[in-house]
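Residue numbers (my numbering), protein chains in the order written: chain A, 13 to 222; chain B, 13 to 222; chain C, 13 to 222; chain D, 13 to 222.
Rather than coming from a laboratory, the hints here were simulated on the basis of the structure. Treat the hints with caution; some may be incorrect.
Given that identical chains are not distinguished, each listed pair holds provided it fits within a single copy or across any two copies.
[Said to hold, decoys possible] Cross-link-like lysine-lysine pairs, in silico, DSS-like; alpha carbons within 25 Å at most:
(1) 15 with 105
(2) 15 with 184
(3) 105 with 184
4 protein chains.
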Amino acid sequence: MDKLLEGYSRFRRDAWPHQRELYEQLADGQTPRLLVIACSDSRADPGQIFDVSPGELFVVRNVAALVPPYEQGEGLHGTSAAIEFAVQALGVKTILVMGHARCGGVRAAMDRSRWGTKSGAASQNLHFVNQWIDVLVPAVMALNTDDNEPCERAGVELSLANLMSFPFVAEKVEQGLLNLEGARFDIATGGLHLFNHARGWVRATPEPAA
Amino acid sequence: MDKLLEGYSRFRRDAWPHQRELYEQLADGQTPRLLVIACSDSRADPGQIFDVSPGELFVVRNVAALVPPYEQGEGLHGTSAAIEFAVQALGVKTILVMGHARCGGVRAAMDRSRWGTKSGAASQNLHFVNQWIDVLVPAVMALNTDDNEPCERAGVELSLANLMSFPFVAEKVEQGLLNLEGARFDIATGGLHLFNHARGWVRATPEPAA
Amino acid sequence: MDKLLEGYSRFRRDAWPHQRELYEQLADGQTPRLLVIACSDSRADPGQIFDVSPGELFVVRNVAALVPPYEQGEGLHGTSAAIEFAVQALGVKTILVMGHARCGGVRAAMDRSRWGTKSGAASQNLHFVNQWIDVLVPAVMALNTDDNEPCERAGVELSLANLMSFPFVAEKVEQGLLNLEGARFDIATGGLHLFNHARGWVRATPEPAA
Amino acid sequence: MDKLLEGYSRFRRDAWPHQRELYEQLADGQTPRLLVIACSDSRADPGQIFDVSPGELFVVRNVAALVPPYEQGEGLHGTSAAIEFAVQALGVKTILVMGHARCGGVRAAMDRSRWGTKSGAASQNLHFVNQWIDVLVPAVMALNTDDNEPCERAGVELSLANLMSFPFVAEKVEQGLLNLEGARFDIATGGLHLFNHARGWVRATPEPAA
Numbered sequence: 013m014d015k016l017l018e019g020y021s022r023f024r025r026d027a028w029p030h031q032r033e034l035y036e037q038l039a040d041g042q043t044p045r046l047l048v049i050a051c052s053d054s055r056a057d058p059g060q061i062f063d064v065s066p067g068e069l070f071v072v073r074n075v076a077a078l079v080p081p082y083e084q085g086e087g088l089h090g091t092s093a094a095i096e097f098a099v100q101a102l103g104v105k106t107i108l109v110m111g112h113a114r115c116g117g118v119r120a121a122m123d124r125s126r127w128g129t130k131s132g133a134a135s136q137n138l139h140f141v142n143q144w145i146d147v148l149v150p151a152v153m154a155l156n157t158d159d160n161e162p163c164e165r166a167g168v169e170l171s172l173a174n175l176m177s178f179p180f181v182a183e184k185v186e187q188g189l190l191n192l193e194g195a196r197f198d199i200a201t202g203g204l205h206l207f208n209h210a211r212g213w214v215r216a217t218p219e220p221a222a
Numbered sequence: 013m014d015k016l017l018e019g020y021s022r023f024r025r026d027a028w029p030h031q032r033e034l035y036e037q038l039a040d041g042q043t044p045r046l047l048v049i050a051c052s053d054s055r056a057d058p059g060q061i062f063d064v065s066p067g068e069l070f071v072v073r074n075v076a077a078l079v080p081p082y083e084q085g086e087g088l089h090g091t092s093a094a095i096e097f098a099v100q101a102l103g104v105k106t107i108l109v110m111g112h113a114r115c116g117g118v119r120a121a122m123d124r125s126r127w128g129t130k131s132g133a134a135s136q137n138l139h140f141v142n143q144w145i146d147v148l149v150p151a152v153m154a155l156n157t158d159d160n161e162p163c164e165r166a167g168v169e170l171s172l173a174n175l176m177s178f179p180f181v182a183e184k185v186e187q188g189l190l191n192l193e194g195a196r197f198d199i200a201t202g203g204l205h206l207f208n209h210a211r212g213w214v215r216a217t218p219e220p221a222a
Numbered sequence: 013m014d015k016l017l018e019g020y021s022r023f024r025r026d027a028w029p030h031q032r033e034l035y036e037q038l039a040d041g042q043t044p045r046l047l048v049i050a051c052s053d054s055r056a057d058p059g060q061i062f063d064v065s066p067g068e069l070f071v072v073r074n075v076a077a078l079v080p081p082y083e084q085g086e087g088l089h090g091t092s093a094a095i096e097f098a099v100q101a102l103g104v105k106t107i108l109v110m111g112h113a114r115c116g117g118v119r120a121a122m123d124r125s126r127w128g129t130k131s132g133a134a135s136q137n138l139h140f141v142n143q144w145i146d147v148l149v150p151a152v153m154a155l156n157t158d159d160n161e162p163c164e165r166a167g168v169e170l171s172l173a174n175l176m177s178f179p180f181v182a183e184k185v186e187q188g189l190l191n192l193e194g195a196r197f198d199i200a201t202g203g204l205h206l207f208n209h210a211r212g213w214v215r216a217t218p219e220p221a222a
Numbered sequence: 013m014d015k016l017l018e019g020y021s022r023f024r025r026d027a028w029p030h031q032r033e034l035y036e037q038l039a040d041g042q043t044p045r046l047l048v049i050a051c052s053d054s055r056a057d058p059g060q061i062f063d064v065s066p067g068e069l070f071v072v073r074n075v076a077a078l079v080p081p082y083e084q085g086e087g088l089h090g091t092s093a094a095i096e097f098a099v100q101a102l103g104v105k106t107i108l109v110m111g112h113a114r115c116g117g118v119r120a121a122m123d124r125s126r127w128g129t130k131s132g133a134a135s136q137n138l139h140f141v142n143q144w145i146d147v148l149v150p151a152v153m154a155l156n157t158d159d160n161e162p163c164e165r166a167g168v169e170l171s172l173a174n175l176m177s178f179p180f181v182a183e184k185v186e187q188g189l190l191n192l193e194g195a196r197f198d199i200a201t202g203g204l205h206l207f208n209h210a211r212g213w214v215r216a217t218p219e220p221a222a
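Let the hints inform the model, and build the full structure from the sequences given.
The following block contains the structure:
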C-alpha cells in the first residue's frame, strides 16, 4: 500500500500539473469514444499500452478479457452491465477486446479442456475462475493444440462474437454506428496484433523499431 | 481506433525502450502484490493515479468498482472470479477498492433509490446496469441524501464488507495475510481519501501542493 | 397416426411372437448395460443401427445428441437426469454418444457461429433450439470450416468432455467402472466411425461390404 | 460395446441392403411427419413398437417421456428445443407422447409424493432425476394410489397438457394443423392404449391376437 501511495505522490507531482485542467473539465462528465475490454493481468494495462489521457477509455478488466454470451437471466452480470452502460448510456463508437500473450486465464481454459482435468486437484479451490473460464473451453478443445497463441486469438474472436449476441450491440453494428475490434498484446516483444471480422488478424502498424 | 494506434505508437517510441527489459522478465509470469477493484470510468484509471509499472497491479474494472456479495450459484461471476484468481492463485497481499467522485454508477443507484423511480424512463433500456447497480440501492436509500460523496463512500465500504463475505478472503484477513483498503479519488481536485475498517476515512498523505 | 398403428400391428404380428418371453421377463425390471445418447433425427435410430433387442439400451434422444455441461442450478435438466439415472440407478457400463452426418442441429450451430447471424431472421422463432445448440457454437467457431464432418465430430467430443464434468461420471471412469465412447453414423453410406479418448477416431470394424 | 458392434454388423448385413436406397435419399434431408416423445427405458423403444422405417419418426427420449411446462427462462431446455425444432422447423403433423408400464420414473415420482419421502435415502444421489421427476409429483399425489397404471396415464395426460402451454403448439392445434396423441405401452402383454383429449383412453385396435 505504501508503494501505491508513493506512486500517487509521483502522479500529483509529475502528471497532475499538466492534466489539472483536463481533470477539472472531466469533472463535468465523461464522453469516452472507446470501450476497452481487457484482462486483469498486471502486465497488459490498456491505459499504458495505448498511452491514453484521462477521459478517453471506458475500461472493463476481468480474467481473460472475456465477454460472456448475452443472457437475460437473474443474477449480476458485471461485464454485460459495463457494456450496456458504455453502448447505451455513453454511446461509445468502438469496442476493443484486448487479449494478450501468456494469459493465465486462457492457460487455465487449456488445462481444463484436457480430458478429465475438470475434476483435477488443481482446480479444487478455484470455483469462480473455473465457471468463468469454462466459456472458453469448447473453443480451446476444438483447436486441440498446446500452443497458447491460437487459443488466445480464439478467445478474442469468441468475445467479439458474444458481443454480437447482445441485441443492442448487433443493431448498432449493423447500422454502422458501432465498430468491433480485437487485439492481442505480446508481452515479451511489445508487439500488437489486430483483428476485425472483415480483415482477420494483422500486425499493428505503425510499428516502430522495438 | 486510429487514436488508439497513435497512442500505441507513442508507447512503443517513448515508454517501451525503458520498459523493455521489465516486459521481457514479466513474460515469464506475473507476481502482483495488489488487486485493485476500480470503476470502468474513463476518468479514474488506477494505473495513472498510482503511476504504476507493468506487473504491479492486478486490476478489475467494472461499473462503480463494485464487489457483489459472495454467492455460489450458477452463472458467471466475473468479479468474483478475478478476486478468487488474485487471492488464491496469485496470492496478492492487499485488495484496494477505489471509487471516485462523479460516479455515474453511484448516481444511477441514487436515482433508483427514490420512491417509484425503478420504473422510470431513464432506466428502460439499461437492464444489466440496473441489476448490477441495485446492489448499492439499500445503502444509498439508507443515507437518504442528494449528496454524491457519502453515497460513493458507502459504495466502497459496502464492497469491502462484501469482500469479507468470501470465505477465502475472510480467512486470510483474519490470519493477517491479506489487507483490505478503500479509496475515493476526487476527479476535480485530484485528491484521494483512504479508508480501512480500523481507521475509517482519512485524507491521503503525502499530499503535495496541488 | 394411422401409419403408426399399422406399424404397431406389424410389430404384434411379426416381432411380438418371438420377443414375447423376453418382454414378459423384462416386465420385472430393466438391466441395460449401455446408455446411448443419440440425436432425435429420424434417420439415425440407435435401435435400428445397432439391431438391439428390447432391454439392451437405455436411450436419450435430443437435438444433436448433446450433453450439456454439469450444472447444479435450478431448473429441469432432462439429459442430465437421464444420465444420472442410467449411471447411478441402473449402473450402465458404457455411455455411447452417437452423432451423425447431415445433422441439422450441428448445421444450425455452424450457421449461428457465423458473424452476426445470432440475430438473423432465420433464428427468430427457434428460441429453445438456439439456446440448446449454442453449446456447440464456440467449438464450431474455433474450427472455422464449412465442412460438417469435423463439426459433427467436435460435437461428439464436446459431449464426451461434458460427461466428464459430471463428478459421478468422472469418478466411475477413473475407477475403470464406466466406459465413454463416441460414434458418428454416416447416413448416406451407412458407415460408422468410433471415437474414444485413448484411441481417437477410427472406422468401425467389422464393416461388411456395403 | 462389442455387443453393439455385433449389432451394427447385423444391421449392415441384413437391413442395410434393403434400406440402402432409402438412406441415400434421406441423406438429402429428413421430412418426418411425427414427433414421438418416449421414455429412455430400454424396454419401450418406439422404433420397434411401431416398426418404423428410417426417416419416419423424430424422437425425443427422456426419463418418463416427460414434457416440462413452457418456460422461457435461461438455461438449456433440451426437450423444449426438440419440440420446437420438430414443430417449427420440420412441421410435424402429430406429436405422440408414449408412456409405458413399469416406468421407473413414474415410480420415483410416486415414491417422492409420499409424505416426507423427498429426503429419503433412495433419492440422496439423484439430484437431477428428482428435479426432473418432481414435475409429476403433484399429479401423482392427487391420485393417491399405489397402482402404477393410473399414475403412468396421468403422466401422459400431463405432458400433453404441458405441450398445449407452448404457444406455437397451441396455435397449430387450434388451427387443426397439429394433432396431439398419447399412448401407454404395456411391456408384459405388448398391449397399447391410446389417449387423446377428445376421446379419452381406448385400447389400440387393430390388436391382433397376442
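Hint numbers contradicted by this structure | Of the numbered hints, all hold.
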